[in-house]
Each structure stands twice: as structure tokens, then as C-alpha cells.
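Number of protein chains: 2
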Amino acid sequence: MAKKTMKTMDGNTAAAHVAYAMTDTAAIYPITPSTPMGEIADEWAAQGRTNIFGQKVQIRQMQSEAGAAGAVHGSLAGGALTTTFTASQGLLLMIPNMYKMSGELLPGVFHVSARALAAHALSIFGDHQDVMACRQTGFAMLFSNSVQEVMDLSLVTHLASLEASIPFMSIFDGFRTSHEIQKIEVIDYEDMKPLLNTEKLDAFRARSMNPEHPDVRGTAQNPDIYFQGRETINTYYDAIPDIVDGYMKKVAKITGRKYKLFDYVGHPEAEKIIIAMGSGCEAAEETVNYLNSTGEKVGLVKVRLFRPFSVKHMMSVIPKTVTKIAVLDRTKEPGALGDPLYMDIVAAYAGTKNAPQIVGGRYGLGSKEFTPAMVKSVFDSLAKPKHGFTVGIVDDVTNSSLFDCQCVDTTPEGTVQVKFWGLGSDGTVGANKQAIKIIGDNTDLYAQGYFAYDSKKSGGITISHLRFGKKPLQSTYLITDADYIACHNPSYVNLYDLLEGIKDGGTFVLNSPWTAEDMETKLPAAMRRTMAEKNLKFYTVDAVKIAQGVGLGGRINMVMQTAFFKLSDVIPFKKAVTLLKEGIESAYGKKGPKIVDMNNAAVDNAVDAIVEIPVKAEWKKLEDDAPKASKEPAYVKDVMRPVLGQKGDNLPVSAFSHDGTMPVATSKYEKRGVAIMTPEWVKENCIQCNQCSFVCPHSALRSVLADDTEMVKAPKSFETLDAMGKDAKGMQFRLQVNTLDCLGCGNCADICPAKEKALVMQPIASQTKVQIHNFDFSNKVSYKDVMDRGTVKGSQYRQSLMEFSGACAGCGETPYVKVITQL
Amino acid sequence: MAKKTMKTMDGNTAAAHVAYAMTDTAAIYPITPSTPMGEIADEWAAQGRTNIFGQKVQIRQMQSEAGAAGAVHGSLAGGALTTTFTASQGLLLMIPNMYKMSGELLPGVFHVSARALAAHALSIFGDHQDVMACRQTGFAMLFSNSVQEVMDLSLVTHLASLEASIPFMSIFDGFRTSHEIQKIEVIDYEDMKPLLNTEKLDAFRARSMNPEHPDVRGTAQNPDIYFQGRETINTYYDAIPDIVDGYMKKVAKITGRKYKLFDYVGHPEAEKIIIAMGSGCEAAEETVNYLNSTGEKVGLVKVRLFRPFSVKHMMSVIPKTVTKIAVLDRTKEPGALGDPLYMDIVAAYAGTKNAPQIVGGRYGLGSKEFTPAMVKSVFDSLAKPKHGFTVGIVDDVTNSSLFDCQCVDTTPEGTVQVKFWGLGSDGTVGANKQAIKIIGDNTDLYAQGYFAYDSKKSGGITISHLRFGKKPLQSTYLITDADYIACHNPSYVNLYDLLEGIKDGGTFVLNSPWTAEDMETKLPAAMRRTMAEKNLKFYTVDAVKIAQGVGLGGRINMVMQTAFFKLSDVIPFKKAVTLLKEGIESAYGKKGPKIVDMNNAAVDNAVDAIVEIPVKAEWKKLEDDAPKASKEPAYVKDVMRPVLGQKGDNLPVSAFSHDGTMPVATSKYEKRGVAIMTPEWVKENCIQCNQCSFVCPHSALRSVLADDTEMVKAPKSFETLDAMGKDAKGMQFRLQVNTLDCLGCGNCADICPAKEKALVMQPIASQTKVQIHNFDFSNKVSYKDVMDRGTVKGSQYRQSLMEFSGACAGCGETPYVKVITQL
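Residue numbers (my numbering), protein chains in the order written: chain A, 267 to 1089; chain B, 267 to 1089.
Derived by calculation from the structure, the hints in this document are not laboratory data. Careful, some of the hints might be misleading.
[Claimed, not checked] Just so you have them, the derived chain B footprint on chain A, three or more residues with Cβ under 8 Å: (1) 355-363; (2) 384-390; (3) 499-508; (4) 917-930.
[To be verified] With a straight-line cut-off of 27 Å between C-alpha atoms, the simulated BS3-like cross-links for lysine-lysine are: (5) B:Lys578 with A:Lys652; (6) B:Lys652 with A:Lys619; (7) A:Lys563 with A:Lys652; (8) B:Lys578 with A:Lys650; (9) A:Lys578 with B:Lys652; (10) B:Lys652 with A:Lys586; (11) B:Lys619 with A:Lys652.
Built from N, CA and C at the ideal position, the CB exists for glycine as well.
Throw the hints in and build the complete structure from the sequences for me.
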């Protein structure tokens, strides 16, 4: 067996590692979540990395996935080992060419980070709808369930494809596997090389298109002979199962990790089993082990080679004792009697005497969570099997869903589970990835990281889920039982249920400027009650202050990472500090000592800034704060608010329109107030150039004009300047920030051309109330109305009229400023 | 019930008729065999025809099928009833949009003339690979099996789609149904109109995209809610079977033709049944009726609504007595346990006690013939059921094929079956279509026409298969038992087995200039033997002579059509002549009386030109002519020759390369000699301009040069001129025709600029031998060799060097002229 090289990487990197080794040419086009595979391979090629043949891989980005598929087809026809990376609609664009590749017996490999398809709505997340839409193309299909399996089985696909002369899809779940970081064993290129069948390679190259020995391809065949030609390939498919099995054994010889076409895990005399594919098998295996440890007799068949489907191989692993089978599909085919894997299992048992009872169910569409609780509910449901169930959602329309019992903690003992709430682009995710690397590469602990984002990207919410443990981590689901939760943004205490699922005695760390006294008013009652009930250790760190102090502005990640190492105790803190600083040196060394010093100072200062806040026993008695009366539309109250509050998983099917439509103009209800720093207007310095308003990417800062009749309605705190310019003569000018929409990017302050900046970024807490009135940006006044005022036309920048309307959503006191934009 | 309007049309026209009625907008892109649907609809729109709403249909051709699908999606979202017409790879390009349409509950209809997909080779012919690649998209799928069913069930799809808010594919088999001409009953637009659910139409329009009531579509949904949103549509699918069934009943009320989601035909206590979809069901039904009439107990389930698949509806029609089921799929999914319909039937019976034994088989890929003999062999095979069979081919590689017994004639009594062998563009197919129309529209006979082509189009072979009978014609296969066979090209007697399957006492008509005496030498021995053994009536018509005589040149179709009416006696000949002349008037009236008169004369002269040739009893004893010794490569002998001889159906799977490759440079072996007229060189008139050689589209006429050393080897009959031009000084010039490659287009004679034409088109028989030596056009002499001769460079036209090589393939006497082209 080869020597072990452990590395911490995600599934995409593992796939790219193998693909790069075995490829002459890759034709690519980016699509989430497959993009990093192509990017990584492209980067390696640019760096001059060589494949097992000692050559750089030729990588070409095409105009679309359709073009990439055409290029793969052409390249294979030309005798080059060719690969692509894709998913979802991108894969669909390749379908026509896929029939050609399989029909012409070309051994290409598609690495697919399987993803949902756009139907009622788009989803960039994982399920098997895309690959299942290609199961009829003649491609072989091999599923990997974890990052380690991507490393191992991707290699099998490349080797088997060449041997079999049939193209393969090497499939793993989008995001859950493609973006999950795991500490895995890497297979060295030198170990891969001897496995390749060079005779087959020579034969493949020999039958390529070549003017030296030309042939005709892509002929048009008539009814007399097309059918016969279509049947010439059958023996190739018959051979695949044994070829794949053979390479699984050969790869096992160098890695020690054994796979079969169908892997059975569980009780040797199981009565009830689940059959499934993809990352869900990891959660299912964990649950099977747990349930058997409690005396049940259950099992799991992991289908690896889905096409060609070998009944013989499957039957050889299923215990004879099985009487009931639940087949789980991660796809949906409306109008079919069952989803594809279910249909296969039924067909596999067709005509068998005393066949088990078989039902099919659907789970995990669009990366919907698939947890041990759900796995258990599937097994429970087999007491009274029901075909066509769903699990993981509440289907209150066709009542297909199983009861989800929420009652098992199957994580292996000793696993540390950590959750971070961050703001998109605040550095939390990057810092966590570094933390995993530090722990993974410097201890014998296994590490897992999965990062949940909303769709707002920069400025959205990020939730990092980290696990560390002595055993490989199979928990392919979000953390539901956390040892440690950190929140990097104080505004979240009012927005999210931050402590959901924290363990008794767990640790909660909050970045905030608040004192113990402040906490009594700033934290919702429910949060404080949970702290008390669960005996949490509660810490606060004013990370913004430290970061600002050392010159890092709003970049608080190094402070919070240090706090994590200090408080979590996953590795000795001293060692952690050394490793952190080594990391800083290697990351920022090139940028000069100043940046390195600032980050080192953030590490050093973090420890002293950690303040433990006593959790009061009396908090146990707190009652929930009264919910604010809301006049919001039903959709906002019933759908949007839960989704924004990270409770969308609980919404039932009936909450949604049938055709995917949603009401318009709902973003105005989402006033998040997540900026750590917002601009403060120093009016004395303002030259009324309006550039700040122009550059604000979120329309959160606007210059406004008011005339005398309006100023009468204005509160005292509404400070203004006499407006400059002929058109605005006699009016009052003001820069108005909506701190609830502001994301604190600072573009306004950066652009300000005044001698002394008229806009200064400040922690929101330090600003005077007068600055933080908010406004309602709506356009209900028609263009004609605005023109009739005849005051602001010809302005180079967006300039706005304003009127007062209602109370400020921020402070509840001074009036809203309603801004009417004119271009 | 509405009054009956019978018309003779093909499946595409029937689909276009209904689609046009029910459509606001159609976005189209042409692809065989669906193209005529879009063309017809476009033509109607241009003519101002109105749909049931009294409006012209808006038809837009896009840049590809992908664009058409996008336009259909957008148009539906905009509230317009929208349609497209497509097939094969075109349909595959629509897949991504199809998920969107079904996910958004948009009632569009795709009319699909189902076609094979390009894999090892392309096929423009019919099977279900394309639609089966879309069965997971959420489209409902309804199959029509005949032209009449296209008319009836297309209407059901439009009505049901609107009612169900789900898009439909209305599917019928490419070519076999799309291009088969049948006399059918047309549904009037006024009868369709009341069937449309106007409330549903209003609701559909009301939920369209509209700035007056905007909504958001095409949102991106995260793991929390995508799954729930994907399940909102289930009730819509649950409702479809009853909706479709309801509209089948409503349409039946106006037409009298009843359909069910699954139609059972056959013995009420059948033990063995076939389950199938598409045009094959017609042949199967015919065979089931025949077999039951011989005492068997067999049946057939025609699956009409394939998606959503309703088990309840299927089970309600299958006799309880059934013990064995053969499921026939017209598609191929390499690596699957069975093809899609088989998988469905197995799943439908899953868990049923005492379920019948179910096997699946494949037939008819790429319009491979599916005949009663094959249907019978499927039933026969159920004695010992074997899953995964093929029928219709000889699979000698994986031995999947059933024995095809070739022993049933199931055509209803009184059906007249007629077969015409023609040359592409000689007018045979057009004349046959006219004949069907004449018979269909002027008698109470049902008529069917199907036209088999090779891929050479103009100049290729056409075989027209016509049936006439008192009952609707279900024989969805080529004619195997002909009452009448006509051959429009005398050269075919040596190329094809023209009399294959002719009935005892049948009629054979040959267009030829040959006398009874000539026949003894011109006709192969086997042909004469068949005539004698089968007691055929044998006629010849020198149609070329008549056509030339009346000024129609090589257009012999009117002569041969008249001969058909005279000899076949399908309708009284006098009536036929009247109808033929009416047809001539309406077809050519606009072109002036001259053309009309020429055609009328062709009709009048045809009768007298029919010469009956006595069939000699002694021909029975004739032995086959000795086969010519052949040095051709194995591929040419074993694959190409049978294919060219219309015997490709008999080639086994082992005859073909596994990956679809074929050898190059094989067309040189195909010397057909099918031109009725070829150019004769009148050398006295020749000005050696070479334009004839330049325009010849088949490189069948070349100007050649020879020097003295070559002329020594030339035969006396090899007449030449002294070559003109400085470079060619001292050489001999000749225009050389290869009459075996010539297709008789006459371009050379047309272009000849000489005062008196130096090229004259003549019936080949009237030419002197000296003109018809043939040549081998090969390029084995290298460019350098040619340059070394230093004689012909700088010529404006292609000019060739030549040498003599072997005997002429045409006359066997004088030498081949081997031509070496220089550009």
C-alpha cells in the first residue's frame, strides 16, 4: 500500500486532483457548483503542473456547455483523454453530444457536482435531477458519497472508462460534497500511473481520427441498418460492472479503502433496508450504525455504479433476511410511477419469488437537509410501507411526507461541533477554512467544514458548520447539536435564532460592543432564557474595536478565530497561536510586514478582549418579548419572514404558489441593519457634489432636497445645509443614510472628494441619533409630478426630492424620509 | 355527431391542422421529420387562415430549437397559447426550458414526430429515443398511432393541456406516421371551438406576466424551500388522467371515435398480450386480430397517455386472464435494466399478487420495419419468455433477437397493394401522391401511401408503397405482398430484387425500351424465373419515348400513372382518365395550355404504348446468372452491396463496426447507371471550353487530354480532337462521360455555349458504344507527377490527364479511361 498523504480539501478539489492526472485535454464552461473544478485545473495548468503522462493539461473554456460538450466529443475522437466538469442546466446542454460519445465508444469522463434543475424556481444546490436527465444517454454513472470517495472513485471512473471504451459520469452531490471540506487521504500521481491500462490507451489513440488512416464517422443510416448498428455496443455495457469492480479492487490495493458496485452496511440479518445514492448515504450509514447499536436490524445499500445497473452485484450484497426496502431518490420525475432508482430496484426484483416489499421516496431536492432523524423516520415508516413518500419537508398538500421525529443524535462520541454566524465577505468563512486546515494538518483529528450561504453573497448571511473528531466524519448534514456557537455580527441577535440546537453546557461567543448590563436590553428574552436553561458559557468580544485599533478596519475574522481557539480548546491554545501566526506570515508575507503585524496584533489583543458575561439563573423565567404588531402582507409575514429568519425549512408545501410566482416589491420589507460601520455625515465639510449618493451600491445613501413647506414638518434633529446650485435655490440639502439598508462598504466615504471628508465610517453605536434616521425608497410619485416642481432637472447625479412619512423604523421617533429619485 | 369531412393527408398535416386551430403563437425551428408541420402552419398564416379564435397564428422561426423553446416559454408566460413542432436533437435542445414550462404550470403543446437520435450514426427516421429523453421533464406525453389518431388526439392534448395547466408532448412516429398519407376524417374548427374550456383560458391569461399585475418568476431558491416548491405541482399531475379521459370522451362525441388512456384490443380472455406505444400498435392490432381469427387468445394494450402513467386506468383494461406480457419499447437505454415502458409496466405490477410474467423487448429503432411476422414472433416467444429481446434484426453478437418467422399475411381481404420503384426527382412519388388523392377523394376506398427513400434524394431510389381498401388501413409497414409492382427505371432490373414479395398472379410493369426479345437478355434469369413461377402479368411501356415525343423530356410520371390506372383497375379507367386530366388542369393550368396539352397527350398516348410481354413457362427452369467475380474489399462486398441492393435489413449486428466508423472512399464502387438520358458528345461542334466538365454536379463528365504515347494504347472507338491551347499543343482532347455515374440532369448540355450544341441528351440505348465508355476517377497520381508532364497548368477549368486502365465497366470491351484531375 502507498504511503498516506492526508490533506484538507473539498470535493471539487479532490475531483480536480484525479481528473488532472488522467487527462490530456479538458473543455470547460463554469456552472455552480462545478466551477471550482475547472478553475483549479486551469490554475494548475497555468502553474505548469503535469499529469501522469508528464504533460500539462490543455484546458479550454468554450462559449457554453454545449460548446464544451462538442469540444470533448471532438477531442476524444482525436484520441485525447478528455474531461469536463459541469452540473445542472450545463449538463443538460451536453445531452445531444453525450449520445454521440457513447455511441462512438469514446472514453471521456464528466465530473458532475450534481445539482437541481430550474423548474418552478432555480436552485444552485445539490440533487440528482441533472444526472438523472442523462441516464438514458449511454454514459456509465458512478456515484461518490464523500470527499474521500470522490478522490478514490473518480480514479476508478477514469481507469474504467478507458478500459471499457464507454464514457462515464463521475457524480457527487453539489455543495454537500463539492463544497464540503474534509481531511482526506490524497492518492499520489505516481501511484495512479501503473493502474492505467496502456494497451487500451494505445488502442484508443490508434482508432482516433487521423488523416494517416482515415475513416468515416457520423454517417446517416437508414431504417435498414441503424438498429443493428445501435446494438453493436451491448457487449461493452455487459463488461462494465466487472471492469469497475476490478478497478475498485486495484485502487483498494494502493489505498486500503475497499468499494463494491453496491456496498452494504448494517446488520447482517437486517429486515429493513434503505437503498440510496450520493452523500445522503453517509448520514444514512451513521444512522444505521446508531440504530443497530440500539438493537434494531437495519441496513443500507449504497449504489455506486448506477449505470450499467448490475442486478447480480446488487443481489450479492443484500441479506436474505430483508423483507422491506425503502428506495430513496434525490430527484423528481412528475408523472412517473416512481423515481429512477426505485424503478430500478423494482425491476431488479421483477419475477423474484418472495421479493421484499419495495417502496420509493424522495428526499433532499435542492440540497434540502437529510438528517439522521429523517433516516430514522424512513425506517420507522417501513412498519407500514407507503410508496411515493417525501421526507424532509412538510407536504400538507398531497400528504406525502413522513413524520420527521427529530430525536436522534448519531454523531460519534467525541466529535466537536462548531457553528459560526457571519456576514458575507466579513472573512468568517475564510477564517474557518483556515482553522480547519490548521487543525486537520497539525493533529490527527478528522475535520469537516460546510458553509451555508444565503443568496446575497457579499453582505448576506454565512453559517459555517465545522466538525472535528477522531473518526472520519459522515455527518453530511448541518450541525444540529453544537458545542460552540459564535456570532460575528451583533445585529443577528434580533434576526436569527442563533442558539438553536446548542448543547447543554455549550459555549456562545458574540462579537459586540455590549457590556453585561447592555445584554439585558440588547438580547431578546428568549435568547437569554436559552442561555440559562442550557447552562451556556457566554462570552463577548468587541472585535470591531480591536480590528479598528490595529488598523484592520471592519475585518474582524482574525480576532474571532483567535477567540475560537482560545475558548474551544480543540487544540492547545499556544500551538494554535503559533500556527495562526505562521498562517498570517504565509498569507500576507508578500504584502509586507505592516499587514502581517496588524494581523498578529489582532491575535495578541483578542485574548484580553474576551469578556465572560455571567448567565443569570433568573433568565430561565423570562417570557418571550411581545411580537411586534405587523401590517405586512401575508406573503411577507408567512413566507418571507421565516425564510429571512433561517426558518424556511419549516415552511410547508402549502405556503408556496403552485407555479413558482412570488409577489414583487418585497425587498422593502427586509431592513436588516447588519452594517457594523455606517457613514456619518459631517455636514460642515460637504460640498454637495452628490458623488457619495451616486456610488452607493445599495441605494442606502441619498442626497435629498426639501423646500420650506416640507421643512416645517421636519424634526429638529433633521439637520440640513442651504442647497447649492441654481435649480435648487431656496431649498435645503441633506445626505440621508438608511442604516438598515447600508452594508458598511464605505464606498461613499472613499469617493468623497471634499478636502476634509464629509462622510466618515463609524461604528453605528458611536453615532448620534440624528444620523441614523431611515428612509423609504419608493417611487410612487410620477415623473410628471417631479417635473412640475421644476427644480432639479439637469443634475449630473441622482438627486432626490423628499417628503416626510411615518416614523423612523430605526429609532421609532423621527419621521421617515421618503425619497423620490429623479435620474 | 359532426358531419364527416374526409381528406387525404399525412400525419404532419393532421397535427398542423389541429395545432393551428388551438394556437396563438408558434415558435419553430425545422428538423426532419417535423419540418412540414411548421412549414404548413407558416403557409396557412401567410394565407390568412384563422384559428378558432378568428385570428391568424403568429409564427416565428428562431435560430435553433433552443431558441424556439425559449420563445415558447416566454410566449406562454405572456399568456399566449403556444405551440412548437420538433423532433430528435431539436427536442433535446429544448430540455432545459421544458423543466421551466412544467414547473411554472404553462400549458404549451409540443407536436413531436418522434425520431431516433444520433449515436453511432445519425438517423432521420422514427423511434422514441427523443421523447424518452424528455420523460423526466414533467411534460405529459400522449401518443398517437396513426394519421387519424394524430387528428383526434392532438386535439385532446391541446384541450387537456389548458385544462390541466401542464405542458404536453403530442407524439407520433416520425416518417411512419408523420409522412404516411392516409384518408382520414378531418375535425372542423367550428366543432373544436366549443370544447375549449374558456374559464381555464381566462385564468391562464390572467396569470400571465403583465405590468398591470406584476409578479416575480424564475426566482433562485435555497435548500430551505426549493423542495417544498417542487412538490406544489403534484395535484396537477394527479388530475391529468381524468382530464385527458374526459376530453377523449368529448372529442368522441363529435367524431364517433373512442379512445381510452390505455386501449385494449384482442381476445377478452387473452393469456398473452403485448403492451406498446406508437405506430407499431397498428401492425400489432392487425396481427392480434389475425391470430385470434386462427384460434389464439392474444391481445394488445396501446398506451396512449404515457405520462402521467395511470396504473388504475391500465389495470382496468387488461383481462384478468393474462399470464404473460411482452412490453415493446421503441428506444434504447444502454445500461438500464429495461427500456422505459417495460420499467413502467413492471412498476405498475409491483407488489401485485399473481402478477403476469413480464418481459421487455426492443423494436423499430430508426424506423426499422415492424411487421406482423415480428409481432407473431413476439407472441410465439412468450411460450418461453426472455427479457431483453430485440425483434426485427438479427443480433448475432449478443443473441438477443427473436426468430422472425416471415409467415403471416394479415392484410384485410380486398386490400390492393401497389409498389413503385422510382428514381428520386423522376416524379414517381408526386404522381403516386396524386393517385392516392384521386382514389381517396373520389371513391369510398381508404388509401394509404408511404414513401421509402434512400439518402441520395434527387437521383436516389424511391419506393412507393400504396394500399387501397374498404377498411381503414392499419398496415404500418412496407408492402410485402404486392398485387402490382411498377419499375420506372430499366436499370433497376440489375440492381434490385424488384419482384420480391409479389403475389401469385400479380402484375409487373416495367418502363423500358425493350422488346419481348430484348427481355431475354436484359432481364436477369432470376427475375424471369419468378415471373414464370408466380404467373405474373408482365407489361412494358417505353415511357421515355412517349414523354420525349410529347415534349416532356425525361418526365415519365404521367405515362406511368396512366399505365397504373389502366392495369390496376382500382377505379374504372375512364373515370381515372377524367380525374387525371382534371388534376393536370389544376396543377398546370396556370402555366398555359402547352404544358397542359403535353401532359394530356402523355395520358392519351400511354395506353397504346402498354405492351404485354408473354411470360414463358420455360423461364421456370432458369438458373441464376453466375455472380461476377469481385475483388472488392470485404466492407463493400458484405455491407455496402447489400445496403445498395435494398437488402440492408438482412445484415446482422456483426456486420457493423462497434463504434459507427466506416471505411472511406467507397462511393467509387457504386456505379449505378441509373440515368435515363446521358449526354452524347458531338465532337464536330465542340469548342473545348470545358464548361460542361465544370458544371457537372456528379463529376461524371470530364474533359481529358492524351499524348501520343497514350493514344497508341487507345482503341479505335476512342475518338478525339486535336487539343486547343498553347499548353495542350500536340495532345488529343476528348469529352468523356461516365454513364454509370451520370444522373442525366442535362446541366452539361444546357451550359454548352457552342453555336450547335456539342452535347445532346439522348436515351442511353440510342447512343453509339463509343460514347459510353466509363472511367475511373481516382487521384493516385501525385501532384508532382502531373506537374512533371508540364502540359496543363494555368487552365481556367478543371482539366484532366488520362490513361487507359482495364476494361470498361459499362460495355466490358473498350478500355477504362482513368482520369487524373488537376485543379
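Each hint tested on the structure:
Using a Cβ-Cβ cut-off of 8 Å, 5 residues of the stretch 355-363 of chain A lie near chain B, which meets the minimum of three, so the contact claim holds. Note: the stretch 384-390 of chain A has 7 residues with beta-carbon separation from chain B under 8 Å; the three-residue rule is met and the coverage holds. Chain B is given as covering the stretch 499-508 of chain A, and this holds because 7 residues of the stretch bring a CB closer than 8 Å to a CB of that chain, at least three being needed. Counting residues of the stretch 917-930 of chain A whose CB falls under 8 Å from any CB of chain B gives 13; the rule of at least 3 is met.
Using a Cα cut-off of 27 Å, the hinted pair B:Lys578 and A:Lys652 holds, with the two alpha carbons roughly 17 Å apart. Restraint check for B:Lys652 and A:Lys619: the C-alpha separation of about 17 Å stays at or below 27 Å, so the hint holds. Between A:Lys563 and A:Lys652, the direct Cα distance comes to roughly 20 Å. Compliance with the 27 Å bound is thereby established for this hinted pair. A hinted pair counts as satisfied when its Cα atoms are at most 27 Å apart, and B:Lys578 with A:Lys650 qualifies at roughly 22 Å.
Straight-line distance between C-alpha atoms of A:Lys578 and B:Lys652 comes to about 17 Å, which keeps the hinted pair within the 27 Å bound. Restraint check for B:Lys652 and A:Lys586: the C-alpha separation of about 26 Å stays at or below 27 Å, so the hint holds. Between B:Lys619 and A:Lys652, the direct Cα distance comes to roughly 17 Å. Compliance with the 27 Å bound is thereby established for this hinted pair.
In the structure shown, no violation is registered for any of the earlier numbered hints.
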